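K.L.:
Spelled out from the first residue to the last, the chains are:
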Amino acid sequence: MPLDTSTTYPLTKLRLDGRRWNELRLIQAQISTNAASSGSSYLTMGNTSVMCSVHGPAAGRRGEATGSAGSAGAIVDVDVNLAGFAAVDRRRRGGGSDKKSSRMEVLLRSAFQSHLYTHLYPHSTISIHVSILSADGSVLAAAINACTLALVDAGIPMPGLLTACTSGMSGSALTPKDPRSDELDPLLDMALPEEQELPFMTIATTTKLPVGEDQMDEEQETGISFMSMDAKVHSTYLETMMAVGIDGCGQIRELFEGVIKSSSRA
Amino acid sequence: MSSQRQASSAAQVPHLSPAELSYLYTSLALPQNPIRPDGRSPTQFRPLSAESNILPGTNGSARIGFADGTQAIVGVKAEVERTVLISDTLDVDQDAETVEGAEESASAATGGHGSWVQMSIEIPGFRDDDALPVFLAEMLRESLVGSVGGNEDNGERHMAGGLKGRLVINKRWHWRLYIDVLLLSQPLSYPLPLLSLTTHLALLSTKLPKLKSTGEEDPFFDDDWAAAEYLYPRSSTINSNPSQQVRPPVTLLVISVGENVIFDPSREEIAVADAVLAISFTRNSDSDTGTDEPLKLLLTQRGIANSETENGNGPDSAAAAEEETPGVWRPRRGGIKRSVLAEMMKTALKKGGVGEEVLAGLEGVEVA
Amino acid sequence: MNDRRRVNGPAEGTRRPVFACHVDTASAPTRPQRQREPKAFRKIALETGLTRSASGSSYIEVQPSPPPASYNSLIPHSSSLKLACSVHGPKPLPRSAAFSPNLVLTTHVKYATFATRKRRAHVRDASERDLGVHLETALRGAIIADRWPKSGIDVTVTILEAEDDRWWADAPDSHDASWGMMNVLAGCITAASAALADAHIDCLDLVTGGMAALVSDDENPDAPPKLVLDVDPSEHRSIVAACVVGYMPGRDEITQLWLKGDSSNAVLEDGDKRTVHEALIDGAVTAAKSVHAVLAEVVRESILAAGQ
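Protein chains in written order, with UniProt numbering: chain B, 1 to 266; chain R, 1 to 368; chain L, 1 to 308.
The hints are simulated quantities; they were obtained by calculation from the structure and are not laboratory data. Keep in mind the model is a prediction, meaning the values are calculated, not measured. There could be a bad hint or two in this list.
[What the hints assert, rightly or not] No farther apart than 30 Å at their CA atoms in a straight line, the calculated lysine-lysine pairs in the DSBU-like style are these: (1) Lys226(L) x Lys346(R); (2) Lys226(L) x Lys82(L); (3) Lys91(L) x Lys150(L); (4) Lys337(R) x Lys226(L); (5) Lys337(R) x Lys39(L); (6) Lys177(B) x Lys13(B); (7) Lys289(L) x Lys346(R); (8) Lys289(L) x Lys43(L); (9) Lys118(L) x Lys171(R); (10) Lys337(R) x Lys289(L); (11) Lys226(L) x Lys350(R); (12) Lys13(B) x Lys232(B); (13) Lys99(B) x Lys232(B); (14) Lys43(L) x Lys337(R); (15) Lys39(L) x Lys346(R); (16) Lys226(L) x Lys351(R); (17) Lys118(L) x Lys43(L); (18) Lys208(B) x Lys261(B).
[Unchecked claim] Computed footprint of chain R on chain L, listed as stretches where at least three residues anywhere in the stretch have a Cβ under 8 Å from a Cβ of chain R: (19) 126 to 132; (20) 244 to 254; (21) 281 to 287.
Backbone N, C-alpha and C fix where the C-beta goes; we use that ideal spot for every residue, glycine too.
Make a model of the complete structure from these sequences and hints.
P.N.:
Written out as structure tokens, the structure is:
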């Protein structure tokens, strides 16, 4: 019997690494890890570990700042570096950046360009450098989370914490959902073996920060600001997956708020 | 392109005025007790924090961060690879001179090959094939594979043939070692010592799975990671002298200013240096205790950081040779005297010198 | 794009077949032995001003050591160093370059594809870049760079024939460190220095490259290695350590130093107080001094010829 989540889950209701369907992996986060940058963070989600540093907002280079591109607001510039030792097998270097990391650069840039209050810094550049030290699933989500922490550390204003996680289904989920006998469960925070066999999506949500103390206990307004899926799933399952993902993002947000508060107190 | 922009925003190369450079040079060249900008003694290193074995997905890893925020992460990965046997050496040799042929093939089997160690260095703001990363990688790799010979211990020869020899599994298989060095921020000073120390730590913590097959079989390994063996073996006997164990080499940067020899220079100090020397060394495991040379030199390169020095920057000295204006930096030209060179190496390598201190310090880093 | 249709020959060339009936010890090629004294040099041919289109140029060739008497193989028994160097400039820096108050020196070292027994690629690889950096260091110390603000100079060395890293019939594993590269660097420094003089670039002195090595004896490998100048790597079974210097004899100063190898086991002659690496550096300096005599003579001749 192959040892993977799609076979063990229906039998035991436990995933390959022993988690239940709605459990996150252990998340550890640190901010202000690198003194040489404006803001930095180190984040591990299970065995995935990501390091992020932010430089800026700084004056953009002459060519861009004078152009029309920079006049509206700061340009967010992302550089993703997938370390050669990050994956199971050592990556063969083809010279320059590869497709995977340049795709992540584009996704991260689009996520944060619209998320940050860039209009406060016209003619400037916020450059984000992400190093993926160990890739064990949910890499994009980990990168978004690390960027958020580093940007908070750098003091760049944003409406709320942008947190991300992955959610998937415990089977291939290609046929329409059967409401009477639902065998498939949604899964939260996919590990690398699960990512390879099961459909999953990366989802990122943000909140409007409460304006005053009295609004604290009210339900915060949560909005999805980023979603990306490369797999094939029947559309009836989408809602379940999104619901689980949004819930996971909320858990991560609470955790991050604790990290940020404790580090600012220190 | 994006990283270049980061380079421009992150670390500005200090452009010092001639007066500042002159002041710096004079204070560094003070006889006996040079005054360094950050108040260190000539042989003192900048404070750093180090940890090893930080990445579970690698065979060995380490992180070192200087107080100024420069950080390097090194990951070591090992893969099993088939040794390309070139049944070479003209078969004649083996027929005619059987003794010599056998001896030769034996030496090839234990010798290993330098190309089995691959090193890549990533520095933000530089392309992979830029001169600086290539040059640094080549230098670090050269000293790594250059070290040969281990020590005789209980009749068993550890690390015969150095690192290269350790990578040999049997005649047909060997390990290939990938050492990936990641500098996390724009270098604020010449990154060589940082990279070398981090690589040293990572290699110290590197483990290879325990071999279960014997002899010339296709290799298979113990699945238990706890049984894995260190790449650089640690002696099992407690009373054995740590100074006799084979250790990966360390490369240090040394500069000379006037009569003074200064270790771990900052960028500003390199800018006024008369000479910059990179020295790679490791424990001389062959020597018995009590020899006066505890370290062995593996590689020395002069002027490696010359692109960073302000050599040749300033007024025409030939025209103004006689009338030297005090207080204005007049860059030094030319090379260095042999006596200065010898002094620099001696300070680094002598018993109880800086080199020994550095190795002992790295030994102290907890290997989890 | 790769040409997949053609069957290319092996990259390392082929060997003459040796048939079993022909095998006898007498005709089997033997490793060349060093005939010279430990301190004696191979002959050097050096000439300047060969490339008319460049502002300065030089060509250096080292005579290969003579083949053993019984040598009758078609394969050349050892290679000889041949390299050409040309200097372009001083010329104005391109508009895009940043301001520099000095002469900006760039060095390129390239092996010709046919320079080694194994064919080299057209693209510069790591070892060629490495050599370029070493050469730049050696020259930078000698050039009086502030006489040409806002200008650049290109030094290009083409290696037409490189020194072997090992004897050609040795197994590739027997010693893999690129010792031949150190000889090549010494040649590069000397040639570039001659070309700079030919281009009338102001220098403090003529920099020359010198190489020395510690080699262990072929007959009795257990004896301590001895110091030899101007080493042909193919003549020695194992080289323990080697050193290249860029040296300015007029000022007794070293501009570049590259010492590698594990010299911990080496023992010097009795009564020698120097450490092993000091002895190596001194040896390389002696070699550089001898080469300097040739270099100075060639430069003097070329100046006299130009004056007539």
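K.L.:
Next step is simple, just say for each hint if it's right about the structure.
P.N.:
So, going through the hints one by one against the coordinates:
1. Lys226(L) x Lys346(R): 22 Å, holds
2. Lys226(L) x Lys82(L): Holds, at roughly 27 Å.
3. Lys91(L) x Lys150(L): Between Lys91(L) and Lys150(L) the Cα gap is close to 9 Å, so the pair holds against 30 Å.
4. Lys337(R) x Lys226(L): 25 Å, holds
5. Lys337(R) x Lys39(L): Distance ~23 Å between Lys337(R) and Lys39(L) Cα, so the pair holds.
6. Lys177(B) x Lys13(B): Roughly 19 Å between the alpha carbons, so the hint for Lys177(B) and Lys13(B) holds.
7. Lys289(L) x Lys346(R): Answer holds: Lys289(L) to Lys346(R) is near 25 Å, not above 30 Å.
8. Lys289(L) x Lys43(L): Satisfied, since the Cα-Cα distance of roughly 14 Å is no more than 30 Å.
9. Lys118(L) x Lys171(R): 24 Å, holds
10. Lys337(R) x Lys289(L): 15 Å, holds
11. Lys226(L) x Lys350(R): At roughly 23 Å apart (the allowed maximum being 30 Å), Lys350(R) and Lys226(L) satisfy the hint.
12. Lys13(B) x Lys232(B): OK: Lys13(B) and Lys232(B) at ~23 Å, within 30 Å.
13. Lys99(B) x Lys232(B): 21 Å, holds
14. Lys43(L) x Lys337(R): 28 Å, holds
15. Lys39(L) x Lys346(R): Satisfied, since the Cα-Cα distance of roughly 27 Å is no more than 30 Å.
16. Lys226(L) x Lys351(R): 25 Å, holds
17. Lys118(L) x Lys43(L): 25 Å, holds
18. Lys208(B) x Lys261(B): 17 Å, holds
19. 126 to 132: This one holds; 5 residues, not fewer than the three required, reach chain R with a Cβ under 8 Å.
20. 244 to 254: holds (count 7)
21. 281 to 287: holds (count 3)
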